[in-house]
Amino acid sequence: MLDIRNLHASVDGKPILRGLDLHVGTGEVHAIMGPNGSGKSTLAQVLAGRDSFTVEDGSVSWDGVDLLAMPTEERARAGLFLAFQYPVEIPGVSNAYFLKAAVNAVRRHRGEPEYDAMDFLKRVKAEMKTVGMREEFLYRSVNEGFSGGEKKRNEVLQMALLEPRLAILDETDSGLDIDALRTVADGVNRLRSPERSMIVITHYQRLLDYIVPDHVHVLSRGRIVRSGGRELAHELEERGYGWIDEAQATPAAQGAAS
Amino acid sequence: MNAPTKPIEAFLEREYPAGFVTALEADALPKGLSEDVIRIISEKKGEPAWLLEWRLEAYRRWLTMTPPHWAQVSFPPIDYQDIVYYSAPKRKADAPKSLDEVDPELLRTYEKLGVPLHERARLAGVAVDAVFDSVSVATTFKKQLGEHGIIFCSFSEAVKEHPELVRQYLGTVVPQGDNFYAALNSAVFSDGSFVYIPKGVRCPMELSTYFRINARDTGQFERTLIIADEGATVSYLEGCTAPMRDENQLHAAVVELVALQGASIKYSTVQNWYPGDKDGKGGIYNFVTKRGDCRGARSHISWTQVETGSAITWKYPSVLLRGDDSVGEFYSVALTNHRQQADTGSKMIHMGRNTKSTIISKGISAGRGSNTFRGLVRVTPKAAGARNYTQCDSLLIGERCAAHTFPTIEVRHPSARVEHEATTSRIGEDQLFYAMQRGLTAEDAVSMIVSGFCKEVFKELPMEFAVEAQKLLGVSLEGSVG
Ligand SMILES: Nc1ncnc2c1ncn2[C@@H]1O[C@H](COP(=O)(O)OP(=O)(O)O)[C@@H](O)[C@H]1O
Ligand SMILES: [Mg+2]
Chain A
1 MLDIRNLHAS VDGKPILRGL DLHVGTGEVH AIMGPNGSGK STLAQVLAGR
51 DSFTVEDGSV SWDGVDLLAM PTEERARAGL FLAFQYPVEI PGVSNAYFLK
101 AAVNAVRRHR GEPEYDAMDF LKRVKAEMKT VGMREEFLYR SVNEGFSGGE
151 KKRNEVLQMA LLEPRLAILD ETDSGLDIDA LRTVADGVNR LRSPERSMIV
201 ITHYQRLLDY IVPDHVHVLS RGRIVRSGGR ELAHELEERG YGWIDEAQAT
251 PAAQGAAS
Chain B
1 MNAPTKPIEA FLEREYPAGF VTALEADALP KGLSEDVIRI ISEKKGEPAW
51 LLEWRLEAYR RWLTMTPPHW AQVSFPPIDY QDIVYYSAPK RKADAPKSLD
101 EVDPELLRTY EKLGVPLHER ARLAGVAVDA VFDSVSVATT FKKQLGEHGI
151 IFCSFSEAVK EHPELVRQYL GTVVPQGDNF YAALNSAVFS DGSFVYIPKG
201 VRCPMELSTY FRINARDTGQ FERTLIIADE GATVSYLEGC TAPMRDENQL
251 HAAVVELVAL QGASIKYSTV QNWYPGDKDG KGGIYNFVTK RGDCRGARSH
301 ISWTQVETGS AITWKYPSVL LRGDDSVGEF YSVALTNHRQ QADTGSKMIH
351 MGRNTKSTII SKGISAGRGS NTFRGLVRVT PKAAGARNYT QCDSLLIGER
401 CAAHTFPTIE VRHPSARVEH EATTSRIGED QLFYAMQRGL TAEDAVSMIV
451 SGFCKEVFKE LPMEFAVEAQ KLLGVSLEGS VG
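Chains A and B supply the protein sequences, listed in that same order.
Counted from 1, the first sequence has number 213 at position 213 by the numbering used here; the numbering is strictly sequential.
Counted from 1, the second sequence has number 160 at position 160 by the numbering used here; the numbering is strictly sequential.
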């Protein structure tokens, strides 16, 4: 259970999240939609612990633990996973080496035995098949020279390997053709389980045809301004984000001034 | 940006583990340099007249020279009269005849540094010469090496036992007046290692020298000479440390390598002299001249260096490719953290036909470190078919460090092929955040990236030392992530 209350976050003194509330129950899939620049990635990164964002106010409780007090890598080991909107390239470090180090860091934390090279290769190769990645990607540097779609598949691969309790997918669908979108959605759907919560951030409702959310939220100017079921996504698709922005313009401005 | 390198900086705050001082009585000269001081050094070492003359000649040259100013390093002028030019641990009788006669305090020092000199506890398959301040205190495995006709001893001992070899080769690669620091070294050098591998002999073990500066205000001026006779092969490694002190100490060494026809010399350095504290106080000035001479056809000289220590490093291990079909190589990792400065690189001088050289340089700068690569590839008019490949990569950690590259290429033969590649990359906050989001610590992430960056150089190091070097790099980067 993730419980975000009145979250305010800024970067370089510029407020971005301005009193955000969100509750995600265990086993639920929540979609967050919103116009560009509304703060979706900021929310994802604040939850993951990026220290270039400053939390000004509010609280985030994760199964009763103060999430914001945990160091970034502790959050990851405890089962928080972020699929990046822009996955980062790490030249000189092979994907295989990186993935194995990550998986073993998480396994150590869980008190599970670390994988040796053989076990790991078996596991990772099986997962790669399901996300449609060729083996050669194991031996290339992390994300270096990967196409947009290959990077996103690599994110889903890592999510599958790390078996998170809370997965946040930040626009994992953007820039994907329909085949890649299906593979990514399949990867996500396979991970759906009563123990696992997911936050799926997307700009387009298209993804939600494949990953059917339990709840849909609209983020605008740093706050959740509407919540509803699947139908909200369709409404956004038809009417665009303009009406939400207009409806919120006045209260949001007041929020910033106060 | 909001302190994007916070984890990098916290990681780069580190302690220097070799920074202790050994309490020993020393036999030292007063500070200062003059012809008399040189005469005393020479006399203490019982040197023949020709060597004293050679030193004095170097000294007179040195007096007419000025320190080089072209390097990308800055430091206040050195007062050469404020340095002790000779310091040796006091001995009961004369030179120790065996390890049992070496002061136990000294043996403990080397043990603490991870270099056990007792042959029972020795590094498997590695013969060690230990140089403490100005003198060699112990050489291991002499007997076994002697069975192959290999000479591995301190320089002073070589002068006594093999004067003809020393006289034949000394100064033939790095002449007395080569440069300011080499001239100073030629005048006052105290000790170092000497290696001779006879014709056709493949040295059966790694040879290594461990240099330790202990005494205060003392300069270390070691001189190493390695000769591989026709068809001989040897792999040699040097390691270095010094105590933590607030004053800067000068280390001006000269290393000469001679490879005759078909011979091969592999020279590896893991340099971890005290780098100074995080504000740049103290540390060793490491001003070193290293040069190999591929004198015979098909000879091969390879330099590999991992430079993590010293306040300032100024060195350009070079190869003179005289023999036809000879090969010169230079593989380097140079790391500067805090206020460290390194100006390093290599010179490959192609004189023989079909000579080949490779330069792979990896510079890592963190903190306010400054790292400069300086390379010279010269193809002379006789060097038909010469080939060089140079690759020079810089890795920056944090926002306040600097990297520079100054490659020089002079080609005087139309058939030469010279290639140069250079890259600069930065360990970014986004990379660290990405790795940490996957459960890795910032330290793990940095060392993973750094190891990946250095892979090509580490694979050139002898196995036992590759692991050491990797660890050392980890320690040297501690506190670099913030
Ligand atoms: N590191 C940063 N520095 C300055 N401004 C930023 C930074 N990250 C995000 N912002 C700003 O914060 C706002 C929200 O960005 P973001 O969370 O990426 O939006 P979304 O993901 O919804 O498109 C934007 O106005 C963006 O320009
Ligand atoms: Mg975004």
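Heads up, a few of these hints could be off.
Residues on chain B that point at chain A, a partial pick, calculated with CB under 8 Å [said to hold, decoys possible]:
hint	residue
1	Trp-50
2	Trp-54
3	His-162
4	Gly-439
5	Leu-440
None of these hints come from the bench; they were simulated from the model.
Just so you know, even glycine gets a beta-carbon here, dropped at the ideal spot from N, CA and C.
Hint check:
1. Trp-50: violated, 52 Å
2. Trp-54: violated, 47 Å
3. His-162: violated, 46 Å
4. Gly-439: holds, 4 Å
5. Leu-440: Since chain A brings a Cβ to about 6 Å from B:Leu-440, closer than 8 Å, the hint holds.
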